[in-house]
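Protein sequences, first through last, are from chains A and B. Numbering of the first sequence is given in the numbering used here, commencing with residue 1 and proceeding in unit increments. Numbering of the second sequence is given in the numbering used here, commencing with residue 1 and proceeding in unit increments.
One thing to keep in mind: the hints can contain errors.
[Said to hold, decoys possible] Short derived list, chain A residues pointing at chain B, Cβ under 8 Å:
1. P14
2. L22
3. L26
4. V27
5. W28
6. P143
7. I153
8. I249
9. V250
10. V280
[To be verified] Here are a few chain B residues that sit away from chain A, every Cβ distance over 12 Å (derived from the structure):
11. R49
12. G72
13. P161
Simulated from the structure, these hints should not be mistaken for lab results. Glycine residues also receive a C-beta, built at the ideal position from the N, C-alpha and C atoms.
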Amino acid sequence: MGRYVLRRLLQLIPVFIGCTFLIYVLVWSIPGNPFAGMCGERPCPDSFIAMMTDKYNLDDNVVVQYFKYMGNLLTGDFGETFSGLDVGELISLRYPVSVRLALVAVAIEAVIGLVAGILTGLRGRGFLDNLVLVSTLFLIAIPTFVTGFVIQILLGFQWEIMTPTVSSEANWSELIIPGFVLGSLSMAYVSRLTRTSIAENKRSDYIRTALAKGQPQRRIVWVHLLRNSVIPVLTFLGTDIGTLMGGAIVTEGIFGINGVGRLVYDGILSKEGVIVTGVVVLLVLVFLVINLIIDLLYAVLDPRIRYD
Amino acid sequence: MTDPTAAAAGSTATRDSESYVIAAEHVEDVVAKPGKPRSLASDAWHDLRRRPLFAVAGSVILLLVIVALFPGLFTDADPDLKNLAHTREPPSGDAWFGYDLQGRDVYARVVYGTRWSLLVGLGAAVVTVLLGSVLGIFAGFAGGWVDGLLSRIGEIFFGLPFVLGAIVILTLFRNAGVSGALPIVGAVVASLAVLSWPVAMRIMRSAAIAAKQQDYVKAARALGARPARIVFRHLLPNCLAPVLVYATIALGAFIGAEATLSFLGIGLRDPAVSWGVMIADSRNFVRVAPHMLLFPAGFLTVTVLAFVMLGDAVREALDPKMR
Numbered sequence: 001m002g003r004y005v006l007r008r009l010l011q012l013i014p015v016f017i018g019c020t021f022l023i024y025v026l027v028w029s030i031p032g033n034p035f036a037g038m039c040g041e042r043p044c045p046d047s048f049i050a051m052m053t054d055k056y057n058l059d060d061n062v063v064v065q066y067f068k069y070m071g072n073l074l075t076g077d078f079g080e081t082f083s084g085l086d087v088g089e090l091i092s093l094r095y096p097v098s099v100r101l102a103l104v105a106v107a108i109e110a111v112i113g114l115v116a117g118i119l120t121g122l123r124g125r126g127f128l129d130n131l132v133l134v135s136t137l138f139l140i141a142i143p144t145f146v147t148g149f150v151i152q153i154l155l156g157f158q159w160e161i162m163t164p165t166v167s168s169e170a171n172w173s174e175l176i177i178p179g180f181v182l183g184s185l186s187m188a189y190v191s192r193l194t195r196t197s198i199a200e201n202k203r204s205d206y207i208r209t210a211l212a213k214g215q216p217q218r219r220i221v222w223v224h225l226l227r228n229s230v231i232p233v234l235t236f237l238g239t240d241i242g243t244l245m246g247g248a249i250v251t252e253g254i255f256g257i258n259g260v261g262r263l264v265y266d267g268i269l270s271k272e273g274v275i276v277t278g279v280v281v282l283l284v285l286v287f288l289v290i291n292l293i294i295d296l297l298y299a300v301l302d303p304r305i306r307y308d
Numbered sequence: 001m002t003d004p005t006a007a008a009a010g011s012t013a014t015r016d017s018e019s020y021v022i023a024a025e026h027v028e029d030v031v032a033k034p035g036k037p038r039s040l041a042s043d044a045w046h047d048l049r050r051r052p053l054f055a056v057a058g059s060v061i062l063l064l065v066i067v068a069l070f071p072g073l074f075t076d077a078d079p080d081l082k083n084l085a086h087t088r089e090p091p092s093g094d095a096w097f098g099y100d101l102q103g104r105d106v107y108a109r110v111v112y113g114t115r116w117s118l119l120v121g122l123g124a125a126v127v128t129v130l131l132g133s134v135l136g137i138f139a140g141f142a143g144g145w146v147d148g149l150l151s152r153i154g155e156i157f158f159g160l161p162f163v164l165g166a167i168v169i170l171t172l173f174r175n176a177g178v179s180g181a182l183p184i185v186g187a188v189v190a191s192l193a194v195l196s197w198p199v200a201m202r203i204m205r206s207a208a209i210a211a212k213q214q215d216y217v218k219a220a221r222a223l224g225a226r227p228a229r230i231v232f233r234h235l236l237p238n239c240l241a242p243v244l245v246y247a248t249i250a251l252g253a254f255i256g257a258e259a260t261l262s263f264l265g266i267g268l269r270d271p272a273v274s275w276g277v278m279i280a281d282s283r284n285f286v287r288v289a290p291h292m293l294l295f296p297a298g299f300l301t302v303t304v305l306a307f308v309m310l311g312d313a314v315r316e317a318l319d320p321k322m323r
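Please put together the full structure from these sequences, using the hints given.
Structure (structure tokens):
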């Protein structure tokens with residue numbers, strides 16, 4: 001186990017460097033003058049260009065630039081925006097909001113998805129099964145931004161149940177509806193995954209054995225069936241936390257949530273490369289580490305899997 | 001090609017002496033002929049035709065393809081004709097879906113927008129599957145350090161957040177001055193494909209690794225078939241099914257992704273007006289003119305739904321466990 005963890009950690013390093021380098025090149029090698037339109041109507045003064053070129057090491061080759069940037073990052077220095085704001089501070093203000101949103105989304109999708117999946121998986125064909133299948137199909141087919149829009153209009157403007165946008169503090173209760181929108185797609189996957197997993201395991205030999213030994217129904221379902229069926233669902237949910245923490249640009253945009261998704265979107269539009277690279281480095285790191293933890297959890301949950 | 005004669009001669013000895021198998025190439029033909037029930041593909045096709053899900057999804061997709069190819073058949077109105085007198089008028093007998101902000105017929109625009117949405121979905125699915133399956137089958141077949149290297153490269157692209165990566169790539173294209181309908185579609189297709197090929201690669205790779213262990217591949221290798229022949233004649237036909245299922249579902253997902261990117265203002269734009277662009281145009285008028293959002297969004301949903309359903313039906317038909 002220890003050696004496996006070590007090998008996986010070592011494998012993370014090239015992937016992490018590759019990912020962040022790719023984004024760095026994409027963001028900083030944008031063709032054209034990087035200072036175009038930055039000083040209003042007039043061209044930028046030479047002293048400003050010289051200062052900025054020096055600050056972002058723009059004279060160096062892009063590989064050297066990248067390693068200088070990463071060197072600073074390792075000491076905790078995320079750099080400064082063109083207007084002199086500290087990027088690390090910007091991120092530390094915004095990131096908790098995004099994490100909260102992702103957690104709310106995952107909690108909602110886990111509860112609703114698991115309940116729907118377990119009910120339909122246990123009962124088999126019937127009205128409920130068809131209802132869940134059709135509604136999950138629709139959830140998969142409707143893009144998130146349309147769901148978000150429609151819910152915002154209906155609940156926010158027409159029926160006035162919620163405030164259409166989230167305040168800058170972004171309390172847990174305010175994030176429930178945006179979290180529902182963000183998690184709606186994965187909710188469909190969770191319920192389908194649970195359903196097929198239970199339906200498959202229901203026919204397995206160990207369930208037949210448990211039945212044959214005369215175990216009570218309750219114990220068969222809760223101990224034998226669910227514990228084995230829920231493993232793939234848990235790994236999906238784990239990966240989803242990693243994805244949702246970086247993929248909330250659309251939801252944050254619709255509900256006006258001041259999270260890291262909007263920060264990076266604004267950063268791209270205003271060509272603030274430092275913000276974009278800083279946020280992406282963080283997101284990639286979170287994504288990779290969560291995936292590693294999920295892989296390790298797999299062995300804990302399913303004793304049949306051994307790493308060596 | 002030295003041993004195949006000996007190896008093949010050994011195998012013919014057990015069969016009728018009249019079938020002269022000289023090179024490895026002929027072995028498979030001989031084996032395939034004698035009254036084999038049905039191949040997996042034709043079996044799946046038999047099963048598919050009897051599924052209502054497939055019939056519904058198939059006819060919706062067929063209709064959409066006809067709309068995309070010949071939009072003139074479905075509407076006489078000009079999608080670009082602006083008449084400010086009609087601005088944001090709700091649906092009526094003249095214009096079934098109403099008018100948009102600049103007084104253009106929403107129905108005509110939705111009909112003419114079909115081709116751009118489908119084109120992006122199809123293009124991205126084809127590029128993703130081609131790139132992913134070529135690399136995947138290569139990685140799976142070669143194994144060793146080639147597999148390790150390709151898998152790591154795949155992980156790098158897989159690790160990039162999807163929407164974020166697409167925005168960055170598309171901004172790059174935009175700053176490079178890409179304009180005109182087809183180049184813009186190309187840029188969107190490229191950004192979608194660059195970020196999703198690792199998924200197709202993983203599917204193909206695991207299928208190739210599983211197929212590589214099969215006896216027919218070992219037999220072909222023993223008969224002296226070259227690697228290229230093993231890959232194209234033996235591995236590819238047996239690994240294609242899961243990738244095709246993925247491609248069908250991904251096609252729908254790419255249409256949705258294009259709409260999301262257009263909604264953010266960096267996907268398709270003016271000469272190529274897709275449903276996503278129309279939804280983005282409607283965002284500030286949703287409260288006063290909901291028809292501007294609902295009709296393109298409805299078409300989008302039905303299209304994605306059709307492709308997801310088709311993918312589900314094909315997967316169930318190909319997977320004997322589900323029957």
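Each hint, compared with the structure:
no.	hint	in the structure
1	P14	6 Å, holds
2	L22	6 Å, holds
3	L26	5 Å, holds
4	V27	6 Å, holds
5	W28	11 Å, violated
6	P143	4 Å, holds
7	I153	6 Å, holds
8	I249	5 Å, holds
9	V250	6 Å, holds
10	V280	7 Å, holds
11	R49	21 Å, holds
12	G72	28 Å, holds
13	P161	4 Å, violated
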